[in-house]
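Given the coordinates of chain V, assemble chain S onto it according to the supplied hints.
Here are the chains, one letter per residue:
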Amino acid sequence: MSTPVLQAREISKYFHDPYDIQVLKNISFEIQKGEFASVIGKSGCGKSTLLYILSTMDTDYQGDLFIDAQLMRGKKEAELARVRNEKIGFVFQFHYLLNEFSVLKNVMLPGLKLNKLSAGEVEQHAYEKLKILGIQDEAFKKPNQLSGGQKQRVAIARALINNPLILMGDEPTGNLDKKNTEIVFEIFKELAEEFGQSLLIVTHDNEFAQRTHRIIEMEDGAIIRM
Amino acid sequence: MRLKLIISISKALLLARWKQTLIAAIGVTFSITMFITLLSFMTGLNIMLDGLILNRTPHVHIYKEILPSEKQPIDYTSEGHHFISSVKPKNDLLDLRNSSVIMKSLRNDPRVLGVCPKVNVQVFYNIGAVDLNGVLNGIDVVEENRLFSFSDYVVEGDYQELKNIPNSIILGKGAAEKMLANLGDNIQITTSRGERVQLKVVGYFQSGLQDIDKVQSYVSLTTAQKLLGESNSYITDIQVKLFDMNQAPDVAKEYRQIYEVEAVDIQTANAQFETGTAIRTLISYAVGITLLIVAGFGIYNILNMMIYEKMDTIAILKATGFSGKDVKRVFITIALTIGIFGGLFGLLFGFLISSGIDQIPFKTEALPTIKTYPINYDPRYYLIGGIFSIVTTYFAGYFPSRKASKVDPVVIIRGK
Numbered sequence: 001m002s003t004p005v006l007q008a009r010e011i012s013k014y015f016h017d018p019y020d021i022q023v024l025k026n027i028s029f030e031i032q033k034g035e036f037a038s039v040i041g042k043s044g045c046g047k048s049t050l051l052y053i054l055s056t057m058d059t060d061y062q063g064d065l066f067i068d069a070q071l072m073r074g075k076k077e078a079e080l081a082r083v084r085n086e087k088i089g090f091v092f093q094f095h096y097l098l099n100e101f102s103v104l105k106n107v108m109l110p111g112l113k114l115n116k117l118s119a120g121e122v123e124q125h126a127y128e129k130l131k132i133l134g135i136q137d138e139a140f141k142k143p144n145q146l147s148g149g150q151k152q153r154v155a156i157a158r159a160l161i162n163n164p165l166i167l168m169g170d171e172p173t174g175n176l177d178k179k180n181t182e183i184v185f186e187i188f189k190e191l192a193e194e195f196g197q198s199l200l201i202v203t204h205d206n207e208f209a210q211r212t213h214r215i216i217e218m219e220d221g222a223i224i225r226m
Numbered sequence: 227m228r229l230k231l232i233i234s235i236s237k238a239l240l241l242a243r244w245k246q247t248l249i250a251a252i253g254v255t256f257s258i259t260m261f262i263t264l265l266s267f268m269t270g271l272n273i274m275l276d277g278l279i280l281n282r283t284p285h286v287h288i289y290k291e292i293l294p295s296e297k298q299p300i301d302y303t304s305e306g307h308h309f310i311s312s313v314k315p316k317n318d319l320l321d322l323r324n325s326s327v328i329m330k331s332l333r334n335d336p337r338v339l340g341v342c343p344k345v346n347v348q349v350f351y352n353i354g355a356v357d358l359n360g361v362l363n364g365i366d367v368v369e370e371n372r373l374f375s376f377s378d379y380v381v382e383g384d385y386q387e388l389k390n391i392p393n394s395i396i397l398g399k400g401a402a403e404k405m406l407a408n409l410g411d412n413i414q415i416t417t418s419r420g421e422r423v424q425l426k427v428v429g430y431f432q433s434g435l436q437d438i439d440k441v442q443s444y445v446s447l448t449t450a451q452k453l454l455g456e457s458n459s460y461i462t463d464i465q466v467k468l469f470d471m472n473q474a475p476d477v478a479k480e481y482r483q484i485y486e487v488e489a490v491d492i493q494t495a496n497a498q499f500e501t502g503t504a505i506r507t508l509i510s511y512a513v514g515i516t517l518l519i520v521a522g523f524g525i526y527n528i529l530n531m532m533i534y535e536k537m538d539t540i541a542i543l544k545a546t547g548f549s550g551k552d553v554k555r556v557f558i559t560i561a562l563t564i565g566i567f568g569g570l571f572g573l574l575f576g577f578l579i580s581s582g583i584d585q586i587p588f589k590t591e592a593l594p595t596i597k598t599y600p601i602n603y604d605p606r607y608y609l610i611g612g613i614f615s616i617v618t619t620y621f622a623g624y625f626p627s628r629k630a631s632k633v634d635p636v637v638i639i640r641g642k
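Chains V and S, in that order, are what the protein sequence lines are. Position 224 of the first sequence, counted from 1, bears residue number 224 in the numbering used here, the numbering being contiguous throughout. For any residue, its number in the numbering used here is found by taking its place in the second sequence, counting from 1, and adding 226.
So here's chain V without its partners, still in its complex pose (with noise of 0.2 Å):
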């Protein structure tokens, strides 16, 4: 068996303010290659904090956390959005595009950053990206002239970039209707199954997570089925 993308171990995590509440209890679990789970849950049983916890972006918890077998603990800022950068991607219930830039420029943005391809072959890049997900008719409009739904498959395009390691999101479709949650299901369906993609995907649509390889189901800061 080859070492998992993201291995989470006995995190757990505290909020201070206003008195002490644990919100994550011992959580451990391990996420392979090409895996397409998802995390269920009531409304506060703490799995968005498990996101941004996993995501890197927050760094206040206890346990350890291993991206692609490197321990995240004690690795600074700027190391720590290098690995954002190009391990994970991310896309959140809302699309968070830049209205500034036009929606082949906002996909580019992180492979841009990462900066290891040439602006050409980045911006080639981008424009498969959004072949795959069937809008690059779209690619030099402005993100505000777009869709909910085309928003929001701009902004898996955006996470899929740098053809990161695992693709996490933090209730991708909450915004959506019916159908527009059918495509992005799709297309994480897609990805996982044909290009090998790993996903974690939070959601409390119970229907959607059903439809997974893999249920992480959580209640109180604790992993009750997985």
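If you're looking for bench data, these hints aren't it; they were derived computationally from the structure. By construction, the Cβ of each residue, glycine as well, lies at the ideal position given by its N, Cα and C atoms. Keep in mind that a hint or two might mislead.
[As the list claims (entries may be wrong)] Facing chain V, according to a computed beta carbon distance under 8 Å, are these residues of chain S, among others:
#1 L239
#2 D538
#3 I542
#4 K544
#5 T546
#6 G547
#7 F548
#8 G550
#9 K554
#10 V636
#11 I639
#12 R640
Chain S only, in chain V's frame:
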């Protein structure tokens, strides 16, 4: 390439709020414009006013002062303290002894730019039955012009005729008006020895200081010596101009000891001018810098606002792998762009306004050589203005950008 990315993000943010950006840049432009204009004008005036006195004043003035002797004969013969009342100076000539030797050795001093001898003659200008007090300066015309730009102050006539025409005089403008003397007229003067002499008016002299112009006139050195009935070695003053004015106090002290004469340096003689200049310059700087700091606060405010408005953008940049340092660079780039463009236009407008002021006619009786308002185009002020605009905007951008770099993406994304 990374820099290019940061610049392209900065540009997008700048253009998204271009009206505010423009206002911030105009603030910088305005302050730099005022800074340049103010300093150019102020220092131009300073130089002119100082020149009025300093150009005409020797750096070291050597003369003989008739004073009671410090040591009375009894001091040479017996010890102790002597009480001597009613000590008077000895009747003596104002002639500098050994003047030709002193001048020769001064001319060999490497610090000395030039030496100019002078003879002061007390006279009366005779206008019919009225006698007016006057002072004639016997000068070496060529040297006087080289060292003290004599010709600048000769408002009518040719100064060289003083040398070429015997018994000629360049009259002070005020004196000439009283005497109703035209160019080419002969005027009559009485010397202190009681002789009456006719002198031909070849020019008018105007120093800008009315009291001087009423009294002072110029003749050649030989004419002055002739009026006094002295030989051609008779000299009352030696004016020395140095290469470096700041050496004057030391040089004066040295000459006092070597030649046993009175020697006064320009700093002692005209202390008030340096003080005035320094304070005027200080005020100009203070006003200019205050304006710039105000502009800096404008930039600070606008960047702060931009950061609040663009919280989402900052959060997503950080979530997708931009570090705090990158975000900081973006906002500093924005601030510096405002500073550089605002500053450049400020320098340009400052130059245009000061050249505008330079064209405004400014004629005054007191200043014969000045035709328009004086402006000093010293590139130093442009350099200071440029550097200052960049430094202020950098600091105005630094604090907001530090705040932006510390934005926690989790808080923003969670908040939605």
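So, going through the hints one by one against the coordinates:
1. Restraint check, L239/S versus chain V: the minimum CB separation of about 7 Å is within 8 Å; hint holds.
2. For D538/S, the interface hint holds, the least distance from its beta-carbon to any beta-carbon of chain V being 6 Å, beneath 8 Å.
3. With its C-beta approaching chain V no nearer than about 4 Å, I542/S sits inside the 8 Å limit, and its interface hint holds.
4. About 7 Å separates the beta-carbon of K544/S from the nearest beta-carbon of chain V, less than 8 Å, and the hint is met.
5. At a threshold of 8 Å, the smallest CB-CB gap from T546/S to chain V is about 4 Å, leaving the interface hint in force.
6. Interface hint at G547/S: satisfied, since its Cβ lies 2 Å from the closest Cβ of chain V, which is below the 8 Å cut-off.
7. For the restraint placing F548/S at the interface with chain V, the shortest Cβ-Cβ distance is roughly 6 Å, inside the 8 Å limit, so the hint holds.
8. At about 6 Å, the closest approach between the beta carbon of G550/S and any beta carbon in chain V falls short of 8 Å, and the interface hint on this residue holds.
9. A cut of 8 Å between beta carbons decides the hint on K554/S: the least distance to chain V is about 11 Å, and the hint is violated.
10. Given hint, V636/S at the interface with chain V, holds; its Cβ is 5 Å from that chain's nearest Cβ, closer than 8 Å.
11. Hint on I639/S holds. Least Cβ distance to chain V is approximately 6 Å, under the 8 Å limit.
12. About 7 Å separates the beta-carbon of R640/S from the nearest beta-carbon of chain V, less than 8 Å, and the hint is met.
In terms of the numbered hints stated before, the structure departs from hint 9 and from no other.
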